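Enquirer: Line order of the protein sequences matches chains A and B. Heads up: the first sequence runs through residues 1 to 424, numbered per the working numbering. Heads up: the second sequence runs through residues 1 to 424, numbered per the working numbering.
Accuracy of the hints is not assured; some may be wrong.
Pairs count within a copy or across copies, as identical chains cannot be separated in the list.
[Said to hold, decoys possible] Here are the computed lysine to any residue pairs in the SDA-like style, where the Cα-Cα straight-line distance is at most 25 Å: (1) 375 - 72; (2) 129 - 149; (3) 129 - 277; (4) 129 - 114; (5) 129 - 148; (6) 360 - 402; (7) 20 - 422; (8) 20 - 119.
Calculated from the structure, these hints are not laboratory results. None of these values were measured; they are calculated from a predicted model.
Number of protein chains: 2
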Amino acid sequence: MNYINATKAEKTALYSELRKQYDALCAEGLSLDLSRGKPSGEQLNLSMPMLDNDCTERYIAQDGFDCRNYGVLQGLPEMRAFFAELTGIPAKNIVVGGNSSLNLMYDTIARAMLYGVAGSPRPWCREEKVKFICLVPGYDRHFAICQSLGIEMINVPLLSDGPDMDQVEALVASDASIKGMWCVPKYSNPTGITYSDESVRRLAQMKTAAPDFRIFWDNAYMVHDVENEGDTLLDLFAEAHAAGNGDRVFFFTSTSKITFPGAGVAMMAMSDANLALTLPVLTVQTIGHDKLNQMRHLAFLPNKDAVARHMKKQAQHLSRRFTIVLDTLKQDLGETGIATWTEPRGGYFVSLDVLPHTAKRVYDLCTAAGVTLTKVGATFPYGVDPEDKNLRLAPSYPSVDDLSQAMRVLTLAVRLAALEALLA
Amino acid sequence: MNYINATKAEKTALYSELRKQYDALCAEGLSLDLSRGKPSGEQLNLSMPMLDNDCTERYIAQDGFDCRNYGVLQGLPEMRAFFAELTGIPAKNIVVGGNSSLNLMYDTIARAMLYGVAGSPRPWCREEKVKFICLVPGYDRHFAICQSLGIEMINVPLLSDGPDMDQVEALVASDASIKGMWCVPKYSNPTGITYSDESVRRLAQMKTAAPDFRIFWDNAYMVHDVENEGDTLLDLFAEAHAAGNGDRVFFFTSTSKITFPGAGVAMMAMSDANLALTLPVLTVQTIGHDKLNQMRHLAFLPNKDAVARHMKKQAQHLSRRFTIVLDTLKQDLGETGIATWTEPRGGYFVSLDVLPHTAKRVYDLCTAAGVTLTKVGATFPYGVDPEDKNLRLAPSYPSVDDLSQAMRVLTLAVRLAALEALLA
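Only chain A is shown next, with the shape it has when bound in the complex:
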C-alpha cells in the first residue's frame, strides 16, 4: 500500500495492526545493533594467517634495514610500492603511517592549521575563518575533525553520482575562506555511491578562490566491492596533476577494513610540493611508524592480486548481509512511498531516507525495541540533519539472524513513524 495516497481509515487500521507487531517485538527484549560500521569477528578471522606468519624470521627489509629499530620515516620502500600498486599513485608520493588513516587526516589538518599548506598565505589558524565543504550525508568523524578545530562546515548534497558539482564549483570559486572539502569517493559513507568520472574531473579542474584549497580524498573503501562487478573510480591524484592542480589532493587509505581495524597500516599521498612541506614536520613528530607491522602485512598480502583474492572472501560475508538489508527494505517499504534507500555495490553501509521529520522517531522506536541505530544526525555536520530523515545502516557486524531481526524492527519503526506523521 502506498501510505501517502491511503485514506485516513486505511492508515489508522494499518497503524493499529503494525503497532501490535511492534509491541510484540518489544516484549521479546531484543538487544541488537545496526550502528557499528566495523568488520565482524568472522571477517577478522580471514586475516589471522597474517599473525601465524609473524616476524620472527622476517624483520629485515629488502634494503637490509632492521625493521625492529628506529627509522624509515616515510615507510618501508616495499610498503610504499604495495600502496603504489593498489592506488596507482607513485611510490615517491606515498607516506606510510601507523594503524589509522583518521589519525593521518586529523594530523594533516592540524598541520595546515599550525603551518599552512603549499600556497597558504599564512597558517590556517591565523585566518579569520576557515570553511570546509561537507557532502551530506557523510562521515561523522570527518565532521568531528572540523568541529574540533573550529572549521566552519558548509553542507552540499551528495548526489547519486557524486557531489552536487554545480554547488561545489560555485562555492569554491566565490569564497576564499573555503579551504577544503571532505570526500569518500568510492562506496561513500553512508550512501555507498561512487563518484562518476565527470565528478572527479570537475573536482580536479575546478577553479578555487583559495590558493591553498585541498580535497581530503578518503578512499577508505578502495578495494571493498561487495558485488562481483564493483564500481570503478577515476584517479583524482592523476587527474588533478594533469589539470595542473596536483597540490589540491591529500589522498588517504588504509588496510583497516582489509586486515585488522585495530592493527592495520594507513597511508597518505600528496604532491611533491605538499610532501616537501610535510616531511620536515613529520620528522619532528616521529622517528617512524611500526615497520614490523608493515612487514607482517607484506608477507600476508604481497600485492594487488593477493588483496583482491582476500577481499573476495570478505565480500562473501558482506554480500549476504547487504542482501538481507535490501530485501527487507524492498519487501516492507517498497510500495509504501515513505522511504528511499541506496543499493551500494560495496563498502559498509546502506543509507535510508525516511519520511522527513521522522528519522528521530524511528530511532526512538528502534531503541525502545532493543535495536541500536547510528544516531540520527551523525551523518551531518554538527550532528544536525536539517530534514531529520537520514538513517545509516551498518550490516557488517551482527550475525545474519540478528540482522534479519533488527531489520524487521527497523522497517516496522519506519512505517509506524510515517503513519504517525501522516495521521497527525
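With chain A held as given, fit chain B onto it using these hints.
Expert: Same frame as chain A, but now just chain B:
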C-alpha cells in the same frame, strides 16, 4: 701531561707525535659511528621471544574485547595497569599511544598550540610569544619540536644533580610567556645524570607566572640502569599533585629501548583535568592505537619484575660499552686537563666536554678519520653550542671492537684540537 700547563715546546712535540698516530689511523680508511643512540641488533635479539609468542591465540583482552577491531582509545586496561606498575602513576591517568613517545610529545604541544591546556587563557598559537626552558646540553628532538612550532627556547644549564633550579625558578616566576620546560629526568640525554630529590621537589612546588605552565617529563630511561646499582628518581607526578600542581606534569615514556624502538608501545600520563581536555581531542584524532602490539608486549613482559629481568640482560650489553668509553677517556684524557665527562649509571649516552671552541674541530678531525659523531650543537637549541665544547657519545650501537677503535680516534682528535687551540 697536563696540556694547559705544558710549555710550548712540549705541546709542539706532542702535537707532532699525535698527528702521526692520527694520520696513520686516517690511512686505515675506517668507517665507524658513535652518533647512533639506538640499541644494537644484539640487544634487539633479546626481545625476539615477543614475536615467537604472537597473537594468533591471544587477541582477546581481559574484558573480552577483540583487540583486532576498532576501539579502546585510552589503551587496554591491562596495558595501562602495566605502565601504572612501572611508573607509580594511577592507571586512570595513563593514555597508551602508538609506537612513539616523541609522537605523543609533539601531539601534546600541538594540541596546546591549537586548543590550549587546562588553565590557558587562550590557545598557545594565539599568544604573542610562547617560550620554553631548555636544559643544556639536552635532547635535540625536544628542541626540534619547539623550533618547528615557533616556540622560543631559553637555555638553562643542566647541572650534575638536575636543572639549575635557581635559574629555573627565577625565570618561570617572572615571565608568563614561559609555558613549558623539557626534562629527561633520569639518565638525561646526553649527560646521563639523574635529578636529585630536591630538584624534583622544587620543580613540583615552584611558582610560575604562567597559569598554564607545563613540565614535559620525558622519562625515556626509567628502567635503563647499566650499573647494578642504578639511580633512583623521585616521582614528579605524585610530588606535583601533593603540591597542588598536578596539572603541571605531562609524563611520557615508552618501551622503545625496552623491546623494539620501531615497534614498541608509548604512553603518556596526565592529571584528571588535563585528561578531561585531552580525551575529547584524541577521540577526534583516532579510534585507537594498535592493541595487538599491546597484547604482544604484555605476553612478553607481564609486569615490573619481568621488565627488570629483561633490562638486566640489556645492561650486560651496555655495561661493556660504557666501560670502554670511560676507560679510554680516563686513560687518554685523564691527566690532560682539556676535557671533562660524565660517568652515567644508565641510559644511552656519555657527554664529553672538550676545550671550549674545539668541539667542531674534533668533529671534523673525526670525520676525516672515518668516525661519525653526533653533530656538534645538536645538544643545544637551534643547534648552537655557545661554547662549542659539548660532544655526545653514543656507545650502544657499534661492536666492541669498532667502539674501541672509534674511541681511540676520538681522544686523539680531542687532544689534537686542544693543542692546536693552545698553540694558536
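Enquirer: For each hint, tell me whether it holds in the structure or not.
Expert: For each hint, the structure was consulted:
no., hint, verdict
1, 375 - 72, "between (41 Å within a copy, 20 Å between copies)"
2, 129 - 149, "both (11 Å within a copy, 21 Å between copies)"
3, 129 - 277, "both (23 Å within a copy, 23 Å between copies)"
4, 129 - 114, "both (14 Å within a copy, 14 Å between copies)"
5, 129 - 148, "both (14 Å within a copy, 24 Å between copies)"
6, 360 - 402, "within (22 Å within a copy, 71 Å between copies)"
7, 20 - 422, "within (19 Å within a copy, 101 Å between copies)"
8, 20 - 119, "neither (63 Å within a copy, 56 Å between copies)"
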